[in-house]
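Student: Read top to bottom, the protein sequences are chains A and B. Just so you know, the first sequence maps onto residues 1 to 449 in my numbering. Just so you know, the second sequence maps onto residues 1 to 300 in my numbering.
If you are wondering where the hints come from, they were derived from the structure by calculation, not from laboratory data. Beta carbons are placed, not taken as given, at the ideal position from N, Cα and C, and that holds for glycine. Take the hints with a grain of salt, since some may be wrong.
[What the hints assert, rightly or not] Cβ pair distances, simulated, as ranges: (1) B:139 to A:347: 37 to 45 angstroms; (2) B:280 to A:91: 30 to 38 angstroms; (3) A:120 to B:80: 56 to 64 angstroms; (4) A:345 to B:69: 42 to 50 angstroms; (5) B:24 to A:120: 37 to 45 angstroms; (6) B:23 to A:82: 47 to 55 angstroms.
[Claimed, not checked] To give an idea of the interface, some chain B residues facing chain A are shown, with a C-beta separation under 7 angstroms as derived from the structure: (7) 147; (8) 149; (9) 151; (10) 152; (11) 243; (12) 244; (13) 246.
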Amino acid sequence: MKSKFFVFICIFVLISSGFCFANGQKETSADQVTLKYIYWGSPAEDAAVKQALSDFEAANPTIKVEPMYLPGDLDGSTYNAKMKALAVSNTLPDVGYFRPEEFGNYAENDYFLKLDDLMARDGMGESYLSQTWLKIKGNTYGAYTAAECQVMWYNKKVLEEAGIPIPPTDYKNAWTWDEFVSVLKKITVDSKGKHPGDATFNAKDIVRYGVSYDLWSAMYYPSVWSNGGDIIGADGKTVYIDKPETIEAFQNLADLMNVHHVMPRMSGGTNISPLTMLANNQLGFYVTGQWTLLDLGGMKDFDYGVAALPIMKKPAQIYVSGVNVVFKATKHPEEAWALQKWMMDPSKTLDLYTSGLWMPTKKSYYTDEKDLAKWLNNDVHPQGFKEAVVDSMAVAINEPIKIRNINQIWGDYLNAAVESIWIGEKTAQVALTEVAEKVRKSGLLQGSY
Amino acid sequence: MAHSKLGFNEKRQTFWGWILISPLCLGLTLWVAFPMGLSFFTSLTKWDMLSKAQFVGFKNYISIFTEDELFLKSIRNTLYFTFLSVPLQMITALAGALLLNSQVKGKRVFRTIFYLPSLIPLVVSSVMWLWLFNNQYGLINYFLHSFGINRIQWIDSKEMVIPSLTIMNVWNIGNVIIIFLAGLQGIPNDLMEAVDIDGGTYWHKFRYVMLPLLSPIILYNMIVNMIKCLQLFVEPYIMTNGGPVNSSLSFVLHIYNNAFKYGKMGTANAMAWVLFILTMGISLLIFKTSTLWTYYEGDK
C-alpha cells in the first residue's frame, strides 16, 4: 500500500509541475509586443544586425525584438530546411530575411503579408528603387534587403609586389578577359618564384594565386551575361545553358583553374576562406558578393582595393540579395511592418551601409550627393567604389528567382555539371550540352511565378 | 494445477508490470511506431510541406527507380562505402583488441588513445578532418610533401573521396575495440593452455580458439557497423556536400536533399523505406549465413 501511495504522489507532482510550467509562458505585460526577426550572415553581420535591432527597440519602447540568427550558409540549404520546419510547425517568425530562390514558392502559398496597402499608406513606392519590390501575380510580398551585386577586391601589397599597375575602376572600361588572365599569370607564383608559362613552373606547389571566384549559382551569372550567354530564360521554359556563349564563359572560368593555374581549386565543402587567403597575401584578386566588404573593412591593417569586373564581351552585373518579408502569420503586423521599414531606411540603420554590408535601396542614396557621401565617404569603401560598383548597377539584371523549381534545377542538375567542369573531368562543351538536354527532359521547366 | 483465471497475486503483478513498462511502450509508440506509420503514408503522397499533400499511391516508389539518376548513384556510393569500411574496421579493431589483450607495455595508454576518437562528436571530427584532408594546407598532405611524396587530393577527387571517409571511419573504432576486448577476455584460459600443451603457436590459438569464440561478437559488430555505415550522413553533409560531382552523395544525404532542399517529402519518405528494406535484407542475409560460421558456446 505504501509503495502505491508513493507512486501516485510522484505522478501528481509531475503533472502539477507541468501545469505550472505551461502557465508560466504567458506574456507578463499586455501592451509589450515581442517580434521575432530571423536573419543569416557572417559573425560580423550578426553583430551589425543586432545593433540595428536594438536601435529599433530604443526608438520603440513598447516593442521588443528577439533576434533569430542562423549562421551564414552560402547556398541557403540550411536556412531553407529550417524555414520549412518552422512553416510546418506554425512557429514562423514575424519578419526577417528570406532566401530569394524560395520566395516565389512561399509567396504563392500565402505565407507572406501583402505589402501594397501598407506601402501606399506610408508613401514608400516612389522613394525606393523600382527593383526593390518583389511582386508575385501583381501583389507585393517582399522587398530586397539591399542592392547587392558582384565585386572584385584586390590586395594592394600583392599587386605591388607583382608589378601590376592599379586596376581600372570604371566598369565600362575594365580589363578584357585576356588582359585579366595575363595579369593573373604575373601574380601567380610557385615556391621557386616561377610563373605559369615558365618552363619549370610547378602547378602543385603554388604559394600565391592570382584570383579566386566564389563558385555558386548567383556568382556565375555576371560572367555568363558578360559573354552574352544565359542559363534559363525569364519565361522559365527556355534553356540557354548550351548556348555557345554560355559554354565559353564557363570554360573561361574553368581554364583559370586547370589551364592557367591562376585560381585555387575549391572543393565541395568548405575550404580556407578566400578572404583569409587575400588578407594573408596568398591571393591577388577575389571575386565575390558585395557584402563581404563588411568582413574586409573589419580587418586591421589590411590595404585592399576594388577593381571593375573583367569584361568578356560586355559589362554585366547581377542584382542579388536576400528578401525582407513580413510573415502573414504574425500577430503584430503593424509593428512588424514598422521594423521592416526601419531595416530598409538608411537614415535609421546607416551603420549597415557605412560598414559595407549593404548597398541602399532608397533612391536618394544614389541620386543625392549628400546622401551618397553619407555611406560612401569612409575608410571602408575603397577608392573607385562608385565607378566600379555603384555605377555598374545601371546594367544589373535581377537574379532569376522567379523561375519555378530553379532551386532543384541547380541542385539536381546544374551544380554537378558545373562541378565536373571545375575539376577538369569534362569540358564545358560536353558537360553543359549534356545537362541542358537533361534539364529539358526533367519536367522541371514549369514557367515562372 | 493450471488455473484459467489469474489469481489475485498474479493480477497485481500483471497490473504493475504494465505500469512499469508503460513509459517504454509509450515511447516506442510515439517516437518509433507512429513516425514510421506517418512516414509510410507520406511516401504515398506528394507533399512539399507548404501546400496540401496529394495522394499519388506508389508513384513515388516507381519514379525513384526510373527517373532519379542520383538515387541509384547514392545507393552505389553508400554500398561502396559500407563494403569498404566494415571489413577494414573489423580487421583493425580486432588487431587493436589483440594488442590490448596481450601483455604489452603501456596498455592503458593505448586503450585511451584508441578510445579517444569515439568520444568526439561526429560533427566536430568532420570539421577537423576537413582541415586534415585539405589539399593545400592539410596536415596529411604536409607530411606527405615533406617526405617528397606528391600531394594527394583527398576529398577533392572523385576516386579518393569515399576512401577518405573510410579512413575517418576506421579512426573512430574505439567502441568496436572495447567490445572485442571484452570478448577476448571472456575466453577461458584453459583453452589457450590446451593449445600450448598440444604444441601450437599463437596463430593456432588465434585460428582455432579465439576466432570461433569471438564469432558471435564479430557477427554483432558486423551488423551494427553495417547499419551505421548504410546511414552515412554527417560526414558528406559537412565535408563534401555530396561532391565532387555527387561521388560522395550518400543515400541519407540524398533523402535529406529531397526532403528539405527540393520539398519532395513524398519521394524522400519513399527512399527512406527503400533504405529500410535494403538494410533489413542485408541484415537477414548476414544472419542466415551466420550459422555457417558462428559458434556459440554449448553448440557442437
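Student: Run every hint past the structure and note whether it holds.
Tutor: Each hint, compared with the structure:
Taking the beta carbon of each, residue 139 (chain B) and residue 347 (chain A) are about 50 angstroms apart, not inside 37 to 45 angstroms as hinted. Against the hinted window of 30 to 38 angstroms, the Cβ-Cβ separation of residue 280 (chain B) and residue 91 (chain A) comes to about 35 angstroms, which satisfies the hint. In this structure the hint that residue 120 (chain A) and residue 80 (chain B) lie 56 to 64 angstroms apart at CB holds, the actual value being about 60 angstroms. Remark: the range hint 42 to 50 angstroms for residue 345 (chain A) to residue 69 (chain B) is upheld by a beta-carbon distance near 48 angstroms.
Hint check: residue 24 (chain B) to residue 120 (chain A), Cβ distance near 60 angstroms, so the stated range 37 to 45 angstroms is violated. For the hinted restraint 47 to 55 angstroms between residue 23 (chain B) and residue 82 (chain A), the CB-CB distance of approximately 31 angstroms leaves it violated. Violation of the interface hint for residue 147 (chain B) is found here, the shortest Cβ-Cβ separation to chain A being roughly 15 angstroms, above the 7 angstroms cut-off. Given hint, residue 149 (chain B) at the interface with chain A, is violated; its Cβ is 11 angstroms from that chain's nearest Cβ, farther than 7 angstroms.
The beta carbon of residue 151 (chain B) is positioned within 7 angstroms of a beta carbon in chain A (closest approach about 6 angstroms), and the interface hint is therefore held. Look at residue 152 (chain B): its Cβ only gets to about 11 angstroms from chain A, farther than 7 angstroms, so that hint breaks. A hinted interface residue such as residue 243 (chain B) counts as satisfied when its beta carbon comes closer than 7 angstroms to some beta carbon of chain A; here the least separation is about 3 angstroms, so the hint holds. Because the closest C-beta pair between residue 244 (chain B) and chain A is about 5 angstroms apart, less than 7 angstroms, the hint holds.
The interface hint given for residue 246 (chain B) is met, as the beta carbon of that residue sits about 5 angstroms from the closest beta carbon of chain A, less than 7 angstroms.
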